[in-house]
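Asks: Each chain, written out:
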Amino acid sequence: MRYFVRKIAFFLATLWAAITLNFIIPRLQPGDPAEVMVQKLAGKDAQLNPAAVQAMRAMLGAPDGNLFTQYVSYLGALAHGDFGISYTYYPYPVTEVIGQALPWTLVLVGVTQILAFVIGITLGAYAAWRRNTRFDSIVTLGSTFIGTLPSFWIALLLLFVFGYTVGWFPTSGGYSASTPGFNGPFITEAVSHSFLPALSLLITAPIGWILGMRNTMVMNLGEDYIRLAKAKGLPDRVVALRYAARNALLPSVTGFAIALGGVLGGSILVEQIYDYPGMGRLMGEAIGNRDFPLLQTLLLFIIVGVLLANLVADLLYGVLDPRARRAQS
Amino acid sequence: MTAGIVQTGSEERPGDATDERGEGDAGYSQQRWWQLLWSNTKARVGIILLLAFILIATFAPLIAPYEGTRSDFDALLPVSGDHLLGTTSQGADIFSQLVYGSRVSLLVGLFGGLVSTAIALVIGMWSGYKEGTVIDDILSFITNVAIVVPVLPLMIVLIAYSEVRGIPLIVFVIGITSWAGHARAKRSQIITLRNRDFVTAAKFAGEGSGRIIFREIMPSMTSLVAAGFVGASTGAIGAEAGLSFLGLGDPNSISWGTMLYQADSQGAVGQGLWAWVLAPGLILALLITSLTFINFGVDLLSNPHLREDS
Amino acid sequence: MTTTDATTAAATTESVPTSQTLAADTRRNSHPLLRVRDLSVRFEPKMSPALTAVDKVSFDLLEGEFVGLIGESGSGKSTLAMALLSLLERPGRISNGSIEFDGEDIASMSQEDLRHRRWRDIATVFQSSMNSLNPVMRVEAQFRDAIEEHSELRGDAVTERVRELFSMVMIDEKFMSAYPHELSGGMKQRINLALALCNRPRFVLLDEPTTGLDVVVQRSILEAVRRLQKEQGFAVLFISHDIGTVMELSDRIFVMYAGQLVEQQAATTLVKDPLHPYSKGLLGSYSNPRADTVRVTYIPGRPPDLTRPISGCRFAARCPEAIERCSSDEPQLLPLAGGRVACHVAHLQRGPSEDKPDGLPEQTTRFAGPEFVKTAEDSDRARRGEVFLEVDSVTKVFERRRGLRKQQTLAVDDVSFALRKGEVTALVGQSGSGKTTLARMITGVDKPSSGTIRFTGSEGTIAVEKLRTRQLRDYRKHVQMVFQDPYSSLNPALTLRYTLTRPLRNHRGLSAQEADAVAGELMETVALTPSNRFLDRYPHELSGGQRQRVVIARALAANPELIVADEPISSLDVSIRAEVLELLQELVTGHDIGVLYITHDLLSARLLADEILVLSQGRVVEQGNALEVIRNPQDAYTRTLLDAIPNPFEQATTTS
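Read top to bottom, the protein sequences are chains A, B and C. Numbered by numbering that gives the first Met the number 0, the letters in the first sequence go through residues 0 to 328 in order. Numbered by numbering that gives the first Met the number 0, the letters in the second sequence go through residues 0 to 309 in order. Numbered by numbering that gives the first Met the number 0, the letters in the third sequence go through residues 0 to 655 in order.
Simulated crosslink set (DSS-like; lysine-lysine; CA at most 30 angstroms straight-line):
hint, chain 1, residue 1, chain 2, residue 2
1, A, Lys6, B, Lys129
2, C, Lys446, B, Lys202
3, C, Lys405, A, Lys6
4, B, Lys202, B, Lys129
5, A, Lys229, C, Lys173
6, A, Lys229, C, Lys45
7, C, Lys229, A, Lys229
8, C, Lys465, B, Lys129
Keep in mind that the hints were calculated from the coordinates and are not lab data.
Model the full structure from these sequences, guided by the hints.
Replies: Dropping the structure here:
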């Protein structure tokens, strides 16, 4: 139990750290952050737009008080789900704008991440089991090469080949004619629109798992318990899965959050290219329009999402590794 | 105690005189590190490639036919003798842009790698040296948070706030966001090293802590630090490309990321302008490949066991 | 090559190599369970030179026989074990020979056919079995897969069988559902033993099954092995560097050196009359600590480099009995005196007198090499030196933070004793007895929770427990350490010159040039000559024993008054332990240095120490003159420790 309590405590602490980071970043510059920012948006000599200042203030809390009261009112606003108003989509609140985009990214990144994990673990484990064979060298070398390709560039190539040249898949957006909702035409369209973005991410995403899994498993294969399992005359399949892969899987689980961060970063770029209606595209828009409330909240959502995924991975680790549950203090 | 085959795994050689365990150490003092690095084919290819990139970046004005920032040619000229890879829709020579772009990548790689390695070293070593204290707890917590927080979105937000865009900013942001993984590795490394008997022995020999760190501990860490640096450089180069692709790069200089940004925003993909899209990505991948290959060699230095495996 | 029919075997003479003559043996005895012929294992790594780790090894092992395999580290024992189990991994492979189990060659059998024989016929307990259980599986499941794979038992019947096996090794059945990390080292090892027996195998290979365990625990496990072997009648090949234990348990002994078997002999005969000089050397490292005069021999030098071609006998370079022929002719493993031995000298000594060449050494049973002797008179001189370090009522409590709670462990509990100049005091105890913590406090690494430590040296009396960092550095001019593991106590990246000159410059303030000269002298003191050849080497170029000499030289560099030696020989091969002990002894008598010798081993304590303190759970349970304590132990714990020392010679000495 102690393990789970510790992991939940770590989650809460990191959550607090992320929220505080979100509070600090806009205040790193001198002056009244709201006015400075609006100045920035409007240009040096322009009139201050009261509505803009208002939107900014909503994001920044009460800029008039000292830092501590600002912090308290910032936390209060967060607790009420008040993240300010989007500048790009004025007068919609940021949360509503993000709410529209969130499911798209969630599905794209979620599916990619899970597929990448499964593919990566399987290939890595098999390469390790058949180490120093042709299969192993193809997988390892191939991964190393593909791993050097930037995922957004792969996206451009896929778009070029399958979007424009061959024309098998739509080149932009998330759907075309259908009405969003749980209906056949929409789902078909969403899938065909998501295919290339997902593929772009999926080409590089498993590589970390492949190499990581392979290396840990090759190391584990030298362990005495593997040798003993072989000496016991267990079938290869059992030795490979229940003894070697099962143990080698553990470090991979702990790397879940870092990998998710990578896929998320990739999706920001890939969504730009495919004009995919997710949080990445929204982030691009926010950068272009200097929509700081939106940008800031997007960052917070992304961090919290990764933290949650990390918590799940940590808890899962506790289930998978009996040593973590009890021995660790 | 007994033949190493069981103790240390399959790659050890048993029966070699008395000390199988000494074997791990054997390689790196017998062969100088550069010999070892050079003897590895991948590392050799990587070093040659990197040297080529460095030469190209240094002598860019001699190699490139035009200034990288010059954009007064006709738009979208096809591939020709004058324009080896054609021109962009703004009328810039793509080949010249590629040549000049290597400068940005190498600079960001060098300095981004340095900043992030320096932060990782300070935090990791301090934390490891103070293992078990409150300082270690705090530093470890910061490190763990920094590991979990996704890097690219954070970099995007930090840059978006800044008024001056430029390479120094990118280096700074990359440096402060991407040190955590290496810091953790260094922490655990120093903890293992610090508890080695030879460090205690050095204390008994009357050595001060400075000499202990720099003469006794650091030599064993150099290959890990080097690997960390090469890894951080690789990450920095990739991050710069991604940020520039989002239009957050240095507006006054040409980088491969910026080229792709322009290509994408000008619809080069839709118009089938393959040279514009293909070239920067390929060359970027080539640079990253060269660094990855070098790191294969560096890994061999720090982990003698891998030498048998490859 | 490997199968020879009876008629040719009968026709052969003794000069024909092994396979035929062994076949003759086989006919005489019953049908062998394991029949190994000309087995060679080659390692061919890509980046380093190839070597033959096991070279043409032939032997038979009979049904129900208990055979011990001994040899120094690197002799190829464990490689041979892996080959017998067909578990060699790249770059190692069986390059020659056959392994017949019950008449079938398992070396050439397909992996799938072999798999079905594994664990039903051949089971094993590994060296360092701490890691041989899968950490993420419950113990019962690890029995279950092995049982279900090879038998008809299913479901509750398996559970019942596991319960039976647990009671066989005397472990509470509640641990069946435990994970490996919840078990102690001794328990894991018993469970591994039970696991090996789960399918009633006919042959069990024990590869250093008790290495790393406390002596008392070792003892109980080995007793269980012997008891179960008698009950169930499986054959055992028991590999160990702990010669005493092997001799005591085994019916027959194989001695291995540099990849070859050099002697095969019944255990009782080997104790009385070892044939091969190497066997004599190994046996010479054992002695009865209760005897008036204890003699321990050691084998100088190191085994040959197997990557280079060797002509003649592989042991010749270290052999005190070597004759000319030994360096040119490779001796074969031929029958002699009821056993077999690969030694020209042994055969000639016992052969017809007209064959004996000039200069053939006298026939001996003891190793004719260097020897370390401790007499009762030596021990009587104890407790006469001047006291220079006093430990008074020292207690150490460790506090560990566990979240908000603090957990306290009492490591050392109210310990008092004194150290005298020119004498050796041994702190004897098992791991966790607090002996290392005491050493850390005496050297100033840790501070006692209460009590005082007073050191009186050339610069007056020092209160050790009050020293601060700067003063501690000065204190270490007087107190130095010799570490347990010479592989980790020398920095692999620095030359010996650097390692040795640093304390000279720091503690004695010598100039670089002076330090260099003194470093040379120190190397001569520890018999690493010529010193210039050694000073520019790196630690990995030295053998374990040589490294430990360097560590001792470094400790001497400061001209200390006290040397704390923490298990200085336990990580060395038995064959060279006495060499290091002798060196320490010389320091005590020659330099008037006090030595605090920390060990778990009463035999070495008897050899080196004048006074013995027995430590258990942080308390001193017995203290006194070394010989007295060993001959006449007052405390039950001391007796347990003494009983755990194997005594293969007891029978031999009483009969002779």
